[in-house]
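Make the full structure from the sequences, and use the hints.
2 protein chains.
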Amino acid sequence: MTRPFSFHLEAQDGAARTGVLHTVRGEVRTPAFMPVGTAATVKAMTPEAVRESGAQIILGNTYHLMLHPGAERIARLGGLHDFMHWEGPILTDSGGFQVMSLTKLRQLDEHGVTFRSHIDGAAFELTAERSMEIQRLLGANIVMAFDECTPWPVEKPVAAASMRRSMRWAQRSKAAFAAGGEHARDNGLFGIVQGGVFEDLRAESAAALLALDFDGYAIGGLAVGEGQETMFRVLEAVTPLLPAARPRYLMGVGKPDDIVGAVARGVDMFDCVLPTRSGRTGQAFTRRGAINLKNARHQEDPRPLDEDCACPACRHYSRAYIAHLLRAGEILGAMLMTGHNLTYYQDLMAGLRAAIAAGALDDFIAAFHARRARGDIAQIM
Amino acid sequence: MTRPFSFHLEAQDGAARTGVLHTVRGEVRTPAFMPVGTAATVKAMTPEAVRESGAQIILGNTYHLMLHPGAERIARLGGLHDFMHWEGPILTDSGGFQVMSLTKLRQLDEHGVTFRSHIDGAAFELTAERSMEIQRLLGANIVMAFDECTPWPVEKPVAAASMRRSMRWAQRSKAAFAAGGEHARDNGLFGIVQGGVFEDLRAESAAALLALDFDGYAIGGLAVGEGQETMFRVLEAVTPLLPAARPRYLMGVGKPDDIVGAVARGVDMFDCVLPTRSGRTGQAFTRRGAINLKNARHQEDPRPLDEDCACPACRHYSRAYIAHLLRAGEILGAMLMTGHNLTYYQDLMAGLRAAIAAGALDDFIAAFHARRARGDIAQIM
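Same order as they appear, the protein sequences are chains A and B.
When we follow the numbering used here, the leftmost residue of the first sequence carries the number 1, and every step to the right adds one.
When we follow the numbering used here, the leftmost residue of the second sequence carries the number 1, and every step to the right adds one.
Treat the hints as calculated values from the structure; they're not laboratory data.
All clues given are correct.
Dumping the calculated DMTMM-like pairs for lysine to aspartate or glutamate here, alpha-carbon to alpha-carbon at most 20 Å:
1) B:Lys-294 with A:Asp-120
2) B:Lys-156 with B:Glu-199
3) A:Lys-104 with A:Glu-125
4) A:Lys-174 with A:Asp-213
5) A:Lys-294 with B:Asp-120
6) A:Lys-255 with A:Asp-347
Listed below in structure tokens is the structure:
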């Protein structure tokens with residue numbers, strides 16, 4: 001029997017690929033950007049508005065949801081999709097990254113990690129087995145293997161030990177996921193390549209994961225401070241090692257030019273809080289570069305955020321109005337800015353997909369950078 | 001020539017009335033509830049969602065808008081309707097109430113009031129003439145006369161002096177409004193009956209305003225702490241003094257049972273921050289009374305806020321989910337709660353209009369109270 005979770009490549013242009021990920025909750029055209037819905041909501045957006053932005057899949061955070069309202073509670077209420085009224089596919093992370101970045105008083109060993117909630121100090125344990133259980137209770141369509149987020153910068157022996165532990169956890173994740181019955185049959189599990197900025201460690205990690213045969217392969221531990229040039233170098237080393245027939249997901253990336261460069265290097269999926277978080281604080285992404293709506297010069301500007309954007313914010317509102325909302329601390333400011341930024345990201349992904357399908361990715365990338373360079377000049381004037 | 005601003009009574013049931021207010025921006029069926037859009041936005045709502053709740057008219061606050069972003073700036077950007085993308089009619093208050101309630105270091109005399117912004121301390125002056133100018137710059141479809149908000153409780157001589165000054169300001173407002181040319185021709189000006197809880201002062205105020213002939217009559221200075229019984233007594237004294245052919249607006253009211261009682265006493269229009277403000281803090285209005293979503297008992301409740309409500313929150317989300325959003329401080333919680341509460345208020349007004357048209361207001365009111373009484377019992381169990 002064919003599993004409902006599958007990936008089909010449709011075209012390639014150099015190392016870049018476009019295709020379709022099929023899930024029981026519908027399809028995802030790749031390269032894809034996944035808005036982050038940390039606490040069972042993409043902040044400041046209705047699910048209808050998320051869909052309207054062009055998003056086909058969103059990301060949920062195991063760490064936040066296990067604390068509040070709890071995975072068992074969400075399961076009793078029908079699973080994460082019903083709980084938050086998002087009908088499309090959901091990818092959940094394993095919780096490992098947030099445990100490392102948000103908690104204090106944690107203890108990490110071969111078994112897993114114990115920690116205290118950053119909200120109320122309650123004690124929790126997270127292991128490969130518990131992470132798989134939580135993601136099954138949530139009803140995730142793409143489950144991420146439990147891994148350790150290697151700190152950066154880090155000495156190579158530390159990165160190696162951390163990666164090897166993550167590979168042992170990947171094996172335990174695979175076994176625990178497979179024991180999930182119907183959920184495992186219907187949905188996918190991704191392994192996560194680790195190894196920091198060390199290409200030989202990355203190769204060792206990829207080989208270990210390939211031996212386990214995952215439904216997709218993520219590249220973790222990047223965009224943590226190493227810089228775009230190093231990130232691209234690691235991608236160029238890793239993506240050729242991954243099977244062409246499986247989707248590739250670069251975790252936590254990134255800025256628009258990070259995404260464009262990673263797509264050119266063979267990545268299919270992305271997630272990042274940047275469009276949502278920076279939208280709430282006043283940064284709008286446009287085809288001519290990012291603008292800060294809190295700058296005084298926007299207060300009388302009757303133009304939309306981006307004249308080439310068809311999102312609700314750009315169809316109906318001026319920069320002056322949005323600048324007013326942000327200064328007044330009005331919720332609608334966060335709503336409009338988030339909706340715009342997510343639309344910008346989805347439009348960028350649609351443009352990348354079309355360019356790859358047409359074999360014209362180089363031209364697309366050249367135009368992408370040229371428009372931003374001209375925008376920078378326009379904004380100085 | 002007939003002015004585009006007009007009011008047509010369609011039916012009466014006892015003292016209660018239902019009709020239609022015609023404006024250049026469309027019609028308003030009365031009795032009507034106006035959501036408050038203080039700073040050029042109904043907080044946490046898109047204009048489309050405000051319209052979807054059933055609202056036909058919204059209120060804007062002169063005081064807030066004159067401070068930020070400024071009436072002249074809004075005029076340069078095309079007026080308040082275009083600025084905030086609300087195509088329907090807008091009523092603006094005169095600014096008097098907020099100057100009294102929000103500012104410090106104010107000086108009040110016969111000319112008007114000077115004050116410092118509660119935001120940044122900048123100095124401003126507000127007079128009858130400036131209030132009319134600001135409301136014209138905003139493009140208000142219903143302009144409110146400039147008045148003094150009499151404090152409560154207050155001695156009768158103070159209330160009398162305050163009311164008489166407001167009547168002199170009403171005369172100056174009328175003259176300044178009439179000088180507004182096209183704006184005055186197309187839109188309406190309401191006088192405001194003052195006089196505190198003193199029926200003879202209210203009668204004197206009403207007579208003074210009727211002599212000036214306004215397009216509608218507001219009742220101000222109520223719901224300031226005097227209690228529902230006293231408020232209803234004042235309404236019973238005032239509404240019979242007002243011309244049947246003009247709309248009557250009870251300012252800043254109120255709770256659902258305040259509105260029901262005031263409609264029965266002949267009031268046509270209302271505004272209040274209660275559905276929006278209390279929505280953001282977790283109070284949902286339902287046909288069975290108000291519920292506080294921050295109570296722990298809602299955290300596992302799969303039911304909607306109100307099983308008889310068709311708003312987006314009630315169609316798609318559980319109390320458990322909304323309780324989660326509110327606890328997590330998520331913006332979507334404020335969005336869903338506000339949308340629900342505004343829909344509840346608009347449904348209530350639609351029910352009142354239908355009951356009056358059918359000559360069945362007494363039955364409607366009896367059912368309104370009985371359902372809430374049963375709800376109270378259900379919530380104790």
